[in-house]
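> Chains as they are written, first to last, in the numbering used here: chain A, 1 to 310; chain E, 311 to 620.
Careful, some of the hints might be misleading.
[Unchecked claim] One side only, chain E facing chain A, incomplete, derived with CB under 7 Å: (1) P363; (2) P366; (3) A605.
[What the hints assert, rightly or not] Every beta carbon over 12 Å from chain E, so not counted as near; a handful from chain A, in silico: (4) D100; (5) R116; (6) P117; (7) R119; (8) E121; (9) I126; (10) E127; (11) T129; (12) G155; (13) T206; (14) L229; (15) L251; (16) G257.
Bear in mind the hints are in silico, worked out from the structure with no lab data behind them. Fair warning: this is a prediction, and the values are worked out from it, not measured in the lab. Every residue, glycine too, gets a C-beta built ideally from N, C-alpha and C.
2 protein chains.
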Amino acid sequence: MKKNHYALIILGSGPAGLSAGLYAARARIDHLLIEKGAAGGQVLLTDWVDNYPGFPDGLSGFELIEKMEAQARRFGLNTLTANVVSTDLSQTTKSLTLEDGSQLTCQALIICTGARPQRLEVPGEIELTGKGVSYCATCDAPFYRDMHVAVVGGGNTAVQEAGHLTKFASRVTLIHRRDTLRATKIVQEKAFANKKIDFIWNSQVTGIEGEKGVERIQLRDNDGHETTLAVDGIFILIGVIPNSEMLPLALLKAEYGGFIPTDNETRTAIPGVMAAGDIRSKEMRQIVNAAGEGATAVLAAEQYLNHLTL
Amino acid sequence: MKKNHYALIILGSGPAGLSAGLYAARARIDHLLIEKGAAGGQVLLTDWVDNYPGFPDGLSGFELIEKMEAQARRFGLNTLTANVVSTDLSQTTKSLTLEDGSQLTCQALIICTGARPQRLEVPGEIELTGKGVSYCATCDAPFYRDMHVAVVGGGNTAVQEAGHLTKFASRVTLIHRRDTLRATKIVQEKAFANKKIDFIWNSQVTGIEGEKGVERIQLRDNDGHETTLAVDGIFILIGVIPNSEMLPLALLKAEYGGFIPTDNETRTAIPGVMAAGDIRSKEMRQIVNAAGEGATAVLAAEQYLNHLTL
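Could you build all of it, start to finish, from the sequences and the hints given here?
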């Protein structure tokens, strides 16, 4: 008979999910990790990972995920490839409904469904992702030493990261579709005072072009005038979307359009439900802290299960 | 002239400090990482690290630290070997006094001084650390499949970890110097119900012996009777001591004898002072979450510095 109940289900197979899987397998918790497709998450969008501690020369996002998965499998990670379409977390026994209509239940749940960058949805964007199109300045800024990059966006992240990029790039052009920034005043003032940053207002990117990497972008201003700007890279910083469509957002007290608040030990508002990685309400979204939170979430799950099963 | 002021000082060079150093160097923050001796911290007490995600076959604690340090140096990590004996964190400009009497100042400080396990202080303990003497069941339990191990302690950690160890070990003997456990009732009941756990009351370990690894321990009960117990390993779980002697504990609202509480973004009670790794007040003390917190602390430091320097 097919098993359909587990002490712990881990939802998602990015760094947070795989780290949780490693810790759950090592702790011999009766567990299942549900991955939507291949393991990975947003890491796979990154061409090269230079900032996950432990790899002096860096490694590809794909390679890192492969290593994390192999390690968890060595200790007995149990996985299922399936798409969870809805969840009922209102009872002690939590229930997950899969796309084929079948149900899985668990006592404890670790949500690691991650987030995805808001795309511009213009020609060339997907093809050149990781080849000059980036969604993370913290990750990729050092690759653009003495180059010219564009930043798209007008919020805190875009404007702050434009400043960060000037530590490497010789010139940063910030492109915004309005004539004022949304970022807080103090962040704006700093950007305006930075001589390496110039601004293109009331304009949108309509295309990203280049042979092996980004070479130029097409712009259209609000009056319909079209221009071309030669750049070596483009950072699209117009928002992050949580992958939380299958979750009971009200019960989880989700905020900012679906991100899940937790305490320091990754516990959500629902007893027995933890959240780790980019789906958490937090400021820092890096591989290493996602992995750290995955480990922490297993301890919280184990403590919850210990008290439950007595 | 020797530089003695930095935007950011990172105190400590375990996984939290080295991860913070990597992120600070990559963000080109004017920084200094102060290490007491060689880089490392408690990781060096562990013979083999199997649970840091990204290394399918594991690696030695020494090797992991070496890799983390080489990576941070590649991006320009700036270090100083020195012993900080006291700190004044009451002003915006923070001041650190070194053993030789000299002072360093900074605007932002990340505390990664870590913690150390409380030792039994008996013959053989130091010599056999990493060779059968362990201070971390989460780390080392899987090495003791079908073996007999001793656990020393009577608190929540010791009693819970004794249960955890029975998932691997065939027999766990819990040794406690009193006749009742300090652990909460529910944790105790679970241990008493576990047939793989036996108890030796009113006894202390007086020595740990073995050739290449732990083979037996010497015990003395409260009446002075001495016995020998053959075991394959011993987990000493009698407490963790924060390395916080140089810190203003009241200002930091330290708890549990010197651990530092922080918010989710590693900010302490003092503006501009962050804490990451084992020195934090937290439940999970693993390499990967220390490293994650180090990265998070740099973002918090950067945000603090950005608002300060405008």
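> Going back to the hint list, which numbers does this structure go against?
Of the numbered hints, all hold.
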